[in-house]
Each structure stands twice: as structure tokens, then as C-alpha cells.
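Asker: As a plain string of letters, each chain reads:
2 protein chains.
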Amino acid sequence: MKIVLDMMGSDKGTQATKEGARLFHERHPEIELIVVGKKEELSDMEAEGFRLVEASDVLEMDMGALEVLRRKESSMVKAIEYCAENGCDAVVSAGSTGAFLSCSALRLKKIEGVKRPALVTNFPNLKTGGQVTILDIGASIRNTAEELVQFALMGTLYSQAVNGIKSPKVRLLSNGAEEGKGSEEGKAAYQLLKGRADINFQGNEEPSKVLTGDSDVIVTSGYDGNVLLKSTEGAAKAMSGLIKKAFKRSLLSKIGYLLSKKGFDEMKATLDPRSTGGALLCGVRSVAVKGHGNSDALGFSNAIEVAYRLANKGIVESLEKAMGD
Amino acid sequence: MKIVLDMMGSDKGTQATKEGARLFHERHPEIELIVVGKKEELSDMEAEGFRLVEASDVLEMDMGALEVLRRKESSMVKAIEYCAENGCDAVVSAGSTGAFLSCSALRLKKIEGVKRPALVTNFPNLKTGGQVTILDIGASIRNTAEELVQFALMGTLYSQAVNGIKSPKVRLLSNGAEEGKGSEEGKAAYQLLKGRADINFQGNEEPSKVLTGDSDVIVTSGYDGNVLLKSTEGAAKAMSGLIKKAFKRSLLSKIGYLLSKKGFDEMKATLDPRSTGGALLCGVRSVAVKGHGNSDALGFSNAIEVAYRLANKGIVESLEKAMGD
Numbered sequence: 092m093k094i095v096l097d098m099m100g101s102d103k104g105t106q107a108t109k110e111g112a113r114l115f116h117e118r119h120p121e122i123e124l125i126v127v128g129k130k131e132e133l134s135d136m137e138a139e140g141f142r143l144v145e146a147s148d149v150l151e152m153d154m155g156a157l158e159v160l161r162r163k164e165s166s167m168v169k170a171i172e173y174c175a176e177n178g179c180d181a182v183v184s185a186g187s188t189g190a191f192l193s194c195s196a197l198r199l200k201k202i203e204g205v206k207r208p209a210l211v212t213n214f215p216n217l218k219t220g221g222q223v224t225i226l227d228i229g230a231s232i233r234n235t236a237e238e239l240v241q242f243a244l245m246g247t248l249y250s251q252a253v254n255g256i257k258s259p260k261v262r263l264l265s266n267g268a269e270e271g272k273g274s275e276e277g278k279a280a281y282q283l284l285k286g287r288a289d290i291n292f293q294g295n296e297e298p299s300k301v302l303t304g305d306s307d308v309i310v311t312s313g314y315d316g317n318v319l320l321k322s323t324e325g326a327a328k329a330m331s332g333l334i335k336k337a338f339k340r341s342l343l344s345k346i347g348y349l350l351s352k353k354g355f356d357e358m359k360a361t362l363d364p365r366s367t368g369g370a371l372l373c374g375v376r377s378v379a380v381k382g383h384g385n386s387d388a389l390g391f392s393n394a395i396e397v398a399y400r401l402a403n404k405g406i407v408e409s410l411e412k413a414m415g416d
Numbered sequence: 092m093k094i095v096l097d098m099m100g101s102d103k104g105t106q107a108t109k110e111g112a113r114l115f116h117e118r119h120p121e122i123e124l125i126v127v128g129k130k131e132e133l134s135d136m137e138a139e140g141f142r143l144v145e146a147s148d149v150l151e152m153d154m155g156a157l158e159v160l161r162r163k164e165s166s167m168v169k170a171i172e173y174c175a176e177n178g179c180d181a182v183v184s185a186g187s188t189g190a191f192l193s194c195s196a197l198r199l200k201k202i203e204g205v206k207r208p209a210l211v212t213n214f215p216n217l218k219t220g221g222q223v224t225i226l227d228i229g230a231s232i233r234n235t236a237e238e239l240v241q242f243a244l245m246g247t248l249y250s251q252a253v254n255g256i257k258s259p260k261v262r263l264l265s266n267g268a269e270e271g272k273g274s275e276e277g278k279a280a281y282q283l284l285k286g287r288a289d290i291n292f293q294g295n296e297e298p299s300k301v302l303t304g305d306s307d308v309i310v311t312s313g314y315d316g317n318v319l320l321k322s323t324e325g326a327a328k329a330m331s332g333l334i335k336k337a338f339k340r341s342l343l344s345k346i347g348y349l350l351s352k353k354g355f356d357e358m359k360a361t362l363d364p365r366s367t368g369g370a371l372l373c374g375v376r377s378v379a380v381k382g383h384g385n386s387d388a389l390g391f392s393n394a395i396e397v398a399y400r401l402a403n404k405g406i407v408e409s410l411e412k413a414m415g416d
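Protein sequences appear in the order of chains A and B.
End of the first sequence sits at 416 in my numbering; the numbers just go up one at a time, nothing left out.
End of the second sequence sits at 416 in my numbering; the numbers just go up one at a time, nothing left out.
Among these hints, one or two may not hold up.
One side of the interface only, derived from the structure: several residues of chain B facing chain A at Cβ under 7 Å [unchecked claim]:
no.	residue
1	SER147
2	SER299
3	TYR314
4	ASN317
5	SER322
6	THR323
7	GLY325
8	GLY354
9	MET358
10	LYS359
Don't read these hints as lab results, they were simulated from the structure.
Backbone N, C-alpha and C define an ideal beta-carbon position, used for all residues, glycine too.
This is chain A alone, in the form it adopts within the complex:
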């Protein structure tokens, strides 16, 4: 198995991506990692035996989706192209999401039958301690009912491959739990999903229940999924700020923090975005994983781990088969 890594994409620099690649390599020495980026920053990795593909340019994090295509020498474009041209199993980047989506859409072929690729990620389920898979979180704006049905299938395969859930419970994101609630495309998808024997469809889920309900997969149009993702991140971040404030209030509360620190460290670990490892662009003919923009070594190694698991479980082949049925 070959996994291609864009080494220049993280806000935290090549120190983080190099350490992350090495962490992954220690766990899985049998997997070939191809590192893409500036020779002067990656020569130590080359000396350690990693294959180096040179790229002289680095994309900015706020890079627009269209500009990227003019930056042919950038590490992201080179990494995705190398993956496509050499039939590698997976590509991982922590760079700009917009750039990653547009470059992947152009350079990695779509799986036959897939109408629209979807960006897929795991959220922690704070009730069960497990994970809930959400798609699309931003590859599209609005999706058709038929696209949503395909997302339900992709999400099922992802949940099986990454989270090890045999028959994942799939729900549509909606403004109400009852049938008949939701966006126009959601209501139409509901009717199509009811008739699918290959999807364990359980109806609608309200956004307030995503983190604490029993859904394994949440299906939504990309714009709404993006609002769900970012609202949740925003609320979690805001509350973390309030917790800090509460503990800093007085000398007593600071002692209170020391006494309850273990529990709050566990909480922090549960919410750590690095634990989800990033988002998969599902529906293209390679595993394409977008790590968090501010990936440190642990985050980047987890993103590679997600790519590895998806490739190892043959998610591309499973999806090709499902689309062919």
C-alpha cells in the first residue's frame, strides 16, 4: 500500500508533518509513505528512506478553489497528481479545504455512478463515547435527493470501515424528527431511503441530537452540514472558554481545577478534533483525506491513520461495487 503525503500543508509547519509521518511509520512500517514538498525541508526524511517527490511551491491556507489550479508546482497539487498518476491508495493533506476539494475533483477520477463526492468526517458521540459520521460537510452547497441517498450509502460504508459498526443507523439531518419535516431535498430523500434494503434508515434527526443521540450516520446537504460542523465547533470552543473563566475566578476555584483536572483532561481528549483525524473526500477513486489545517504531529498521524484504515478496508472498491449494484 502506498500513501502520498502533502508535507507542506499544516499551519504548524513541516516539523509537525514530519513527526506525524514518522509516528505513523513506527506503527505501520509495511506501508510506503511518499512525502511531497520542499527538498530542503525534507532531506532528512529522504535520508531516512522515505520516497521524496519535490514541490517548490506551498499554497496559502486561504487559497481560493480556483486559484489552486494555476499553482502546479505546489505540494498539494503535486501530491494529488502523484497519487492519481501512480495509482496510489491514498493521499493526505492538511492544506486549504477549498483547494483540496477542487484539485481532487479535477485530478482524481470520480467512481462510476457517483453523482457528487461528499466530504465525510467523524464527530464524537458524547453519550456513547463512540463516533457519529457526518456527510456532506462542505463539498457541495445544496444536494439533490438522489445525491443524499448516495451519501447515506457512502456514510454506511465509512462507518463500517472506520468505526467498525456493522449496521450503522442512518438519519437525515432535519428541522424536526417527524416524517414530512426537513428541506425539500431532505423530504424527497426520506421517501427514497424508506425503500432501501441496503441502508439501515431510521428517519430524521434534529441538529440538537447529533452529539447525544444514537445515530451512527447523519446525512445532509453540504451547506447545512457545514453549518452543523462549525456551529458545534464554535459552541464547544466558546464553552471551553467559559470553563477556563470559571476555574480562574478565584484562588478556591483554581484549587477546584487542580482537584478535578483528570476529569477535564478526559473531556478535552473526547473533544480533541485531532482524534477524528480529518475528513475523507468520498466518491473519488483514491482515498483522499483532508487533515485539520492546524494539524500537529499527532493530528497528522491520525489523518494518515484514517486514510490507512479506509484504504485497508477497501472503501473505494466497496463503493464501486455498491454503485454497480
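Go by the hints and put chain B onto chain A.
Answerer: Relative to the frame of chain A, chain B by itself:
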């Protein structure tokens, strides 16, 4: 000023609404409150001098938007009709949102020029300690660019009246901060808003920044606003659960809780949904406020307080004037 109260709508029963009405009455004895509901449950209020309008029926909380219109004897329908027919200043209910929206839309006339009423609420801004106004949070599914521009105007008037902000900063909810990002209707609204001298338009806001940025008003289509609202509520609730778990972890952490309790009580107060008092249906010719379904006495009195402030500041007249310009 006359405010009509649906006394039967709260999950917590008439004990809560009666206590809430009395709390408000103590603060504002000059305001006439009309209490609508079952005579046998409200006879004590009648004895205290409140005007009683009898209603023999009570709507269920999961009442659909259409069924409500057949329930003419219900307290919600009677309250809204009484408000409309007697030219009262405001009506307040803690009953089903769907029922409240459809009944208000039919019985309360729209302000001339308003394309679609919007459901408006305040969120706590966890950075400034102030409030951020969000609309639409669910009166519509998708809105046109022209409707979004009207929402920006309504939100400005609401922020001025309820939050006392002179020139509220208005932003469009979007999947990216830059111009050119967003839903189709959002992008079109962006162009229209740039040219408005009467709105302090500041561009896009990502959902992750709503609670911690410097926006005073966030404008969005109803479905996306509903996702924002419920995702935030869900994340806050899930984190509250994690905080409890962290403190319950051991004897030491329980002592830690006791030492830092004051700070966490302040945090709880900041996040208390009762403090926002409910949501205004903006764009109709009375002040129509929907309180939280599980309003207790404090929550219901705050919902009446919001209705009072909006009526007192003449939000309906301001909006009529703005629409006429």
C-alpha cells in the same frame, strides 16, 4: 398597553405561567395582561383582577402546523385571535412553535411590504457578555435574497429595541468569511446589502464565530438558522453533561466542584435559555413572542418582558415605517 397570554402552553403547566405572569405584573403593574385558558385553572387570577378569556382546549406540544386551525377552542388560537381582534400590543405563548407560526401567519396580518415574517431570537455572546440576534431561525425553510435583506432590517430594529445597540453590526451566515462564499441566496443578498445605507452590513460570518465574534445580528435562511440554533443548543447540552461527568469522577473532583461552583453557576446563568425569553415572530402587525416550551415562571416572565420591550419600543411601527421608506 395590552399583552395577551396563552396560559396553557408551557410543559410546566399553569403553575409556571401564572407565577410568570404575576412576576411580570409586579414589575410592570401599569400593563394590562389578558390571561387565556381554562376557567377552572385560572379563576384565582381572575379573582386577582386579571382579565380572563376562556378557552376550553389545549394544544399538544407536537401539534402539526395544519391541525392547529381545527382547534378553534384552544388557548393558543384564542389568544392570537383575541390579540388580533382587539388590537392588543402583544401576544405570548409557550406552546408548539409550528402551531404558533401557522396560527400567527393566518390570524395576525403581515406588515405591508414584508415578504416573509421571520422568527428572531437572541443568543448569548460568550465573548462580550452581550447578545447576538439571529433570524430567521425557522419560520421559513429557504428565503430569497430580498427576504434576507428585509431580515437584516428587522434584525437591526430588534437589536436596537431589545439589546439597546445603536448601530448593530449585521453579518450573513456563510460557509466562509470572504465575499463570494455562501448559499446562492446568501451571495445575492450580500450584493444587495452592500448598497444599503440603513444597515451596518459587515459581510459574512462563519457559524463557528457566531457566539464569540463581534456580530450583533446574524441573517440566514430559516432552515440554516434552525440548524445553527439547534446545533449550538445540542453542543452546549452535551458539554454540560461532560462537565457534570468530570466533576462526578472522584471524591476529589466533587470537592473541586464545590470550590469552583460559583464560576460554574455564572456559566450556567450565561447559557440559560430562559434568559433570552423566547423568539419574536417579526413582520406581523402585533408583537408575537413564542416562549420556550418548557418555560418555568422565570422563563415565562422573561418572554413577557421581551414582548413588553418590543411593544414599548414600537418595533411594529418602526418596521412599518422602514418598509414604507
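Asker: If a hint holds in the structure, say so; if it does not, say that too.
Answerer: Evaluation of the provided hints:
no. : hint   : result
1   : SER147 : violated (27 Å)
2   : SER299 : holds (4 Å)
3   : TYR314 : holds (5 Å)
4   : ASN317 : holds (5 Å)
5   : SER322 : holds (4 Å)
6   : THR323 : holds (5 Å)
7   : GLY325 : holds (4 Å)
8   : GLY354 : holds (3 Å)
9   : MET358 : holds (5 Å)
10  : LYS359 : violated (10 Å)
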